Amino acid sequence: MAMNHKDVKLSCRHLWKVYAEDRAPYFKDEVRTGDAPTLAARLSEDGAIPAAVDVGFDVHVGEIFVIMGLSGSGKSTVVRCLSRLVEPTYGEVLLDGEDLLKKNKKELIDIRRHKMGMVFQSFGLMPHLNVYDNIAFPLSLQGVSRAKREERVGHVISLVGLEGRESAFPNELSGGQQQRVGIARSLAIEPDVWFLDEPFSALDPLIRRQMQDEFLRIQLMLKKSIVFITHDFLEALRIADRMMIMRDGRVVQVGTPAELIINPADDYVSDFTDEVPMVRVLKAEDVLDPDATPTNGMPEQDCKTDVEALLPLLASNKDGIKIMRGDTPLGVVTANSVIRALAHQDKRRGAETPHPEAAAQ
Amino acid sequence: MTRPTRIQMVWALLLALTIAALFIQGATDWIVAFPDQWVVPITPWLNSGMAWFIDQFGAAFRAFSAAVGVPMKAVRDLLNWLPWSVTLTLVTLLAYAVSGLRLAIFSFFAILYMVVIGYWQESMNSLALVAISVPVAVTLGFVLGALGYLSRTAERILQPMMDMLQTIPAFAYLLPILLLFGFGPVVGLIASILYAFPPTVRNTMLGLSRVPEEVVEAGLMAGATSFQIFWRVRVPIAMRQILLGVNQTTMAAFSMIIVASIIGGTADIGWEVLSTMRKAQFGESLLAGLVIALMAMVMDRITWAAANPKRTPQDAEYWRRVKIWGLAIAFTLGVALLSQAIPALAEYPRAWEYYPAKHLNDVIDYIIVEFSASIATIKNTAFFFVMLPVKIGLTQTISPFTWGFEFTDGLRMAYGAGAAVLTLAIWAWRGMNGGLLTAFVATLLYFGLTGLPWPMLVAMATLLGWQLGGPRLALGTFLGLAFLLFAGVWPQAMLSVYLCGLAVLLSFTLGAGLGILAAENDAVSATLRPFNDTMQTMPLFVILIPFVMIFKIGEFTALLAIMAYAIVPAIRYTEHGLRNISKETIEAATAIGCTRGQLLWRVKLPLALPVMMLGLNQTIIFGIAMLVIAALVGTSDLGQRVYIGLGNGDFGVGIVAGFGMAIIAMIADRMTQSWSLARQRALGLIAK
Chain R
1 MAMNHKDVKL SCRHLWKVYA EDRAPYFKDE VRTGDAPTLA ARLSEDGAIP
51 AAVDVGFDVH VGEIFVIMGL SGSGKSTVVR CLSRLVEPTY GEVLLDGEDL
101 LKKNKKELID IRRHKMGMVF QSFGLMPHLN VYDNIAFPLS LQGVSRAKRE
151 ERVGHVISLV GLEGRESAFP NELSGGQQQR VGIARSLAIE PDVWFLDEPF
201 SALDPLIRRQ MQDEFLRIQL MLKKSIVFIT HDFLEALRIA DRMMIMRDGR
251 VVQVGTPAEL IINPADDYVS DFTDEVPMVR VLKAEDVLDP DATPTNGMPE
301 QDCKTDVEAL LPLLASNKDG IKIMRGDTPL GVVTANSVIR ALAHQDKRRG
351 AETPHPEAAA Q
Chain H
362 MTRPTRIQMV WALLLALTIA ALFIQGATDW IVAFPDQWVV PITPWLNSGM
412 AWFIDQFGAA FRAFSAAVGV PMKAVRDLLN WLPWSVTLTL VTLLAYAVSG
462 LRLAIFSFFA ILYMVVIGYW QESMNSLALV AISVPVAVTL GFVLGALGYL
512 SRTAERILQP MMDMLQTIPA FAYLLPILLL FGFGPVVGLI ASILYAFPPT
562 VRNTMLGLSR VPEEVVEAGL MAGATSFQIF WRVRVPIAMR QILLGVNQTT
612 MAAFSMIIVA SIIGGTADIG WEVLSTMRKA QFGESLLAGL VIALMAMVMD
662 RITWAAANPK RTPQDAEYWR RVKIWGLAIA FTLGVALLSQ AIPALAEYPR
712 AWEYYPAKHL NDVIDYIIVE FSASIATIKN TAFFFVMLPV KIGLTQTISP
762 FTWGFEFTDG LRMAYGAGAA VLTLAIWAWR GMNGGLLTAF VATLLYFGLT
812 GLPWPMLVAM ATLLGWQLGG PRLALGTFLG LAFLLFAGVW PQAMLSVYLC
862 GLAVLLSFTL GAGLGILAAE NDAVSATLRP FNDTMQTMPL FVILIPFVMI
912 FKIGEFTALL AIMAYAIVPA IRYTEHGLRN ISKETIEAAT AIGCTRGQLL
962 WRVKLPLALP VMMLGLNQTI IFGIAMLVIA ALVGTSDLGQ RVYIGLGNGD
1012 FGVGIVAGFG MAIIAMIADR MTQSWSLARQ RALGLIAK
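Protein sequences appear in the order of chains R and H.
Counting in the working numbering, the first sequence runs from 1 upward without gaps.
Counting in the working numbering, the second sequence runs from 362 upward without gaps.
Hints may be right or wrong, so weigh each one.
[As the list claims (entries may be wrong)] Sample of chain R residues with no beta-carbon within 10 Å of chain H, all distances over it, derived:
hint	residue
1	19
2	29
3	118
4	148
5	208
6	271
[To be verified] Partial selection, computed: residues in chain H whose CB lies under 10 Å from chain R:
hint	residue
7	577
8	584
9	587
10	594
11	598
Simulated from the structure, these hints should not be mistaken for lab results.
These numbers were taken from a predicted model, which means no experiment stands behind them.
Heads up, the beta-carbon is just placed ideally off N, CA and C, and yes, glycines get one too.
Here chain H stands alone, though its shape is the one from the complex (with noise of 0.2 Å):
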């Protein structure tokens, strides 16, 4: 045992105080209930502002979202003026021409599921959100990337704005956005357009600024003005980070269809998957999810591939490009024609379509009374002996009805006795950091998260926030907490990081095991790749539903969507970390006499450890985008706070919730991103 460090001790001083202060006050005190009348009416405040807001200005938004009412209809009246079979052509062709082959195959089959099921209409009218959202969005990004690539006063201004708007919950702004704009499918546009436009910010930021610096003077000396160098030097160059900066506005508007439909809800897809959901229909709300996903994909793909062209010498590339949509013109006016005088490709017959929802059903329902023991025992073995201890503390689990035994003084004194133990054997073994997180874990599961002081809570967290990244991250971290406590929420913000934190580190554990097996064999990559895939460019309510669909609702259901979404990142970045690193260093492990096991647990992983850490980042980030989502399947966390405060038109509550959130998330990034720089910076991965 080396002698503990200054933070060492600090740390050990907090964990006994917590341990103590639990025995001595006991649980009910104030120091683990944070008193309500310490609580600031923030929620009252910012109602009353609100109202005054509106009245003050509400005829000017009115007015503007009447504006923005014609172009939207005029694009929703296109689309569902246009033959399904035109549309349908035009984006195969469109497809074919961007990528090739199997993107226009598939492109084909998937808009064709949208016709045969018979969502024909209500797909167009969710395409013409995103078809008018996706293009003003990434208008108003990039003027915004441009002006805070321009001005370094623009760009502090941007990048928290930037921050807020992703971390904080869509729940959350779609009230405001509905008092001030008033019912309507506008309300859903707008939603989407702030919800969809930080990536094109950020990545126009980036791309303008990655360009590098003599090519600049390249086109100085070619005597450009300054005009020049941003359109036909900076812009040009930057164009590809910008495009994939377009693509995830793309995905965001498409996540954002369902949500903005809990407002705007008109006969649209979002509106489908969401009152078939509310009924329990589950395979109805299955197949209109679906088509969500395949549009998302389509399109996904689609900006995908054009944002990364694959480069053939130029005359040849003109020329099939030339042909391509002298094709496509010529094409699609054919169909235009033909669906002139053959009325099914015009509008696709009633008597065609194909919805399966009734097997699917029966199916689901086949399976739930078939499996139910099991499905039952699952449910419960992990609600009882993982996330129960967790949210509220093993002393409080621990009955004869879940366990199927007392929890006797002598148990809890053995629990002591043993955790004791096993703390300080650790603490010889692997050090006293070893030993402390023992003892953390230890008195988390005996008390629960939510039994903790508050406290020791946030001195804890600005303890680590001021080892991972300074004082100013201390303080930021201080700060928020400092909000949750007084705005009256901590107790919500409490289950929102028992809930997250547990899907989080479940995901993460799995995630990065199925990384490495990944980056150990390409088989294994191959298999994942397309799961990859296709979970991230899921929208987030349409993973929830084959969850809801066998396990109901309740906080289970909630964790394993949860963990669904969020378990992606933390696969992805481990692989990314194993198979990116420097080929020399496993030379010389492998010549030196590594193991295939030392040299994964002895050099490669010690090596990806900051890139998998940036994937713990988003695993986080993921995670909490999802637990709103989530808390439609009844939570009790600040997610559910944010959707009763849109549900009863609360204002307040909803955005201090959706605030309590963003907070949440952007401790967890800062703290994670700030780890893993510095343990890039030590291996030299990146400059000091």
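So here's chain R without its partners, still in its complex pose (with noise of 0.2 Å):
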């Protein structure tokens, strides 16, 4: 991982939502002391409904955290409790080190104002509101001055692409630029962290992958710490930094895309990555071969190619290509290094793939 991802911007501690707490009186106490999925399982029974359990991670500057789980599985409840739309039950959320859960309401509002944007499933539009107006609305809830935000929001507008729709309505445009517009007006106050709640899954799947695209281009431009919810495996292991995997209120595995496929932390994981065409989402660090040193003649890529695209270089340099971070050389992948990886993976998918003796026969 890239070095500068180290400082922390957002986490969350020992994170609760619990639904009809007054089902279970005894929650706030034994909270602190009891065995998270125990208490999940007694909360349950007793008719109160656990959205998230104890869910702790951290969101380092810069880095794109996505959070993937089915529906139910508690993801946008969290996402809605770092930015307290919804009231955790127990817990913290730190933003730059402070506790968000402390704040009053106005210190939340400015806080809303200038350090969090947030994108919608369903867009989330003002359907009274022209394009122009939409993206402007938040400046104009806090009483920016006119020609001030007709520069943020010119400069949103074509970050987005959406010059020239400045006055239509929401329902004059296509699901895509409705979201180009949620995703404008979400940036058009120039927000630290950027929630975005399954923003393409209401998309067309070509329109979803143009988008995907589009919004990593705007994050290599802006940096942003961002937060993603998908449902969408495959979405997350494309854009994900670091992901989390949820599953019943609960955090089932933390890690890379690459740590996640290779390590997949029990059956449930295992059951996404089981599909999943390693050689798109292994990257050229994931497969250096220990044992090759770099020489002048191999051809040179960047540390994060995926190794598809490695395969028909390996196939005309025996020797094996060398893998740059930046300026400095990391390391050499060679087709014995690839190999190595996917077999490696195949070991791990058990029973459906043929066992390795049995193939050797």
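Put the two chains together into one complex, using the hints given.
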């Protein structure tokens, strides 16, 4: 991982959200001492609904942190707890080291106005405002001057490529365009932390792919600290620096996409990873050959290149490919190291693939 | 035949008991007529309570009345002072600005009609009433609606209050207002505010609560304060729904114009309609009624267009508006100046008026004389063969004077046997429910609704409530009917049920038929639409006029008037329900090989049934609303009691009868709604 990711921007510790908490009056006492899974099971039994169970993670500066889970896994609840759209029942949410849950209403509004942006699954646009006014809405709530407003809005409109549609109303736009407005609106206040709640789930597959690319392009320029929610595992792999898998309100595993694929924490996670074409997920830096040393004749590739893109190069360069992080050489990828990585992966996949010994006979 | 369920057994038992009771006890016993000595003297209690209240607080109410009178008179004077040409220009341009050329032309001729016919001053006096009552009602409605949205307690108090205000006929609360606020136009104003504000409350609550949660979250994430969320997110998004409420409020205010003039009658259009109708000057009253109808239609279309703007790209829209308003001001000023120079534009010359009442009366007279035979035949046939059997039963209807023969014992036996055979046949063919229904109808036709024993009717209604809506509805039904019994208005209530029930049955059957035609045939739909629109904006009183003209007073006229008004929702909902069935279902049915008839009967109608039931619900509510108005043409039901109470200044009588009508309306409303909801759930049209 890149070095500058180490500073923590946002983190949450022991975060719980329990609905119908009055069914379990003992919750407040036991949450400090008790074992989280046991407590959650007891809550469900008594008719309370634990939507987030002892959730904890860090989001580093400039990182895309993806929370992936199926519907009902608590991922939307967690992202809403981070901005206090949903009031957490217990725990801490630290933004730049300060506990958000201790802020009063006025301070919270101030934080939302200056530090947070959010994009919604169904866009959340104001139907009575046109594109320009929708994007300017957060600024106008703060009473930002007209000139400044125009400058900021103009900037984000060109960032998302909506020039010329300023006077259109949401119902005149396609889904993809509406979400561009949503993205522009959330960026207009220049937030530090950017929440995206299944931003592309309501879009057609082709548009979704295109929006993912644009999102990555924008992030390359802006370097926000991002929490991105999705139920689509491939989408998570595509965009995540690190990701967290949730199930029934609990954290199942946190790690980089490669870590998850190479070492899934349990069957639930490997159910997702099984279907993933490995060569597309593994990056050059994940398959370095420890025995090879870089020489001058080798072609150079960035450490983030997909293994799939390396294959044709490997076919014509027997010695290997020199992998670079920026200007410094990181190591060498050889045909051997790629095969080894893929084989290792296959072994983990178990019963469905032929046994190595059987294959050897 | 399958084994009967427990509820079917109870139904059969109740029917058997009814028939047994009627034969054993005879028709005069306490089991048919609720004993007088059991009646609780609610009416005198109410009257003395009211007297005490007026004694204590009357002065305050009168002071308020005087205070409200000032702005009312100011608006009245202003509207009367404005030259007619200026008002005409303003309304026309307003119509053009919110909608377009077509509405502008319609508005122009509508207003011009008021001028030419010579009712200008009366029209402006009525408009003054509406012009004050609508803003007050809208403001009141918005504040209460917002309150109801923000607080659950407020909502719980408001909901039943709105139900009451909209189902108790306005006549019933005219008198208390009169007693409290004294005579004069202010009474009409207050009555019309009370009647008109509930739609705004309802639509405000609905609109505010329907704002998508995600949009509110987006507002919160943008850092909106609670105040900003309400005024800059919720209210603007709810605005369309709120404006729909404003439209309904305006219409309600218009429909109160004539009603209000019964007590606050001054030189306005309502009074003109009412007084001419009382003098049987139908031509005159039709002409005056048309003024109100036109005014209501213009206002309806203008407020509706304002609520549903056609959205064009904003810059163009902005310039178009600037241009129109600039033009409007310039043009109006020009007309105003011109009217200073040309007196005819300020005050329309008497000599130019055209008042065709006499010709109209001549035409009406000619029709009545020319077709007297057929009119009498229609009236008598309907009366003797449909209305009387339902009301008092065949046993009292059939005589040589009506049906031309005696209802002999032999015939009675034959009727009984025939009914039994038919019941069994239908039971075998369509199941026990059908058999029970047949038996009930046969019994009803034999004894008449007023001849059926009250304990059985109460039990049956309660059982029906249980079946449709569970224990709560059953309890509500039981208590409501008990009130009718103990208040001593059971006979009148049954007459209301008979008249309204018959009208609803007929208009629903007819309306559903028309609705099916309209759904299957675009030409029929296009033909019916203007009729529906007109009937729905037509003030209730005006609908009465043509029927009274031809059929004179009497229950048959009342029946027709109720039908004319109540048929509209039946047509609309049927067409709507049929046209909104999912395309896939119809494609699937067509692919399977349904003929057009099979598609209609076996696919479309069952799926559209819940929506049609909502139409039935509306038909009932509309019918009951018209029932009170129809009392003016001579009925003897609760509506008439309301009217009598008002005429005699007897507060208790009027309010008890009004309350009784509200009870009937609410029971019918809850039953049809629960039924429709249950069906929609069963069909998976709405979430469980």
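We went through each hint and held it up to the structure:
1. 19: Given a closest Cβ separation of 15 Å, the condition holds.
2. 29: holds, 30 Å
3. 118: Non-interface label fails for residue 118 of chain R: nearest chain H Cβ at 4 Å, not farther than 10 Å.
4. 148: holds, 16 Å
5. 208: holds, 19 Å
6. 271: holds, 30 Å
7. 577: holds, 8 Å
8. 584: Nearest chain R Cβ about 3 Å off; hint holds.
9. 587: Because about 9 Å separates residue 587 of chain H from the closest Cβ in chain R, which is inside the 10 Å limit, the hint holds.
10. 594: Constraint on residue 594 of chain H satisfied, holds at 7 Å.
11. 598: Holds: closest Cβ of chain R sits about 6 Å from residue 598 of chain H, inside 10 Å.
Comparing the model with each earlier hint shows a violation of hint 3 alone; every other hint is respected.
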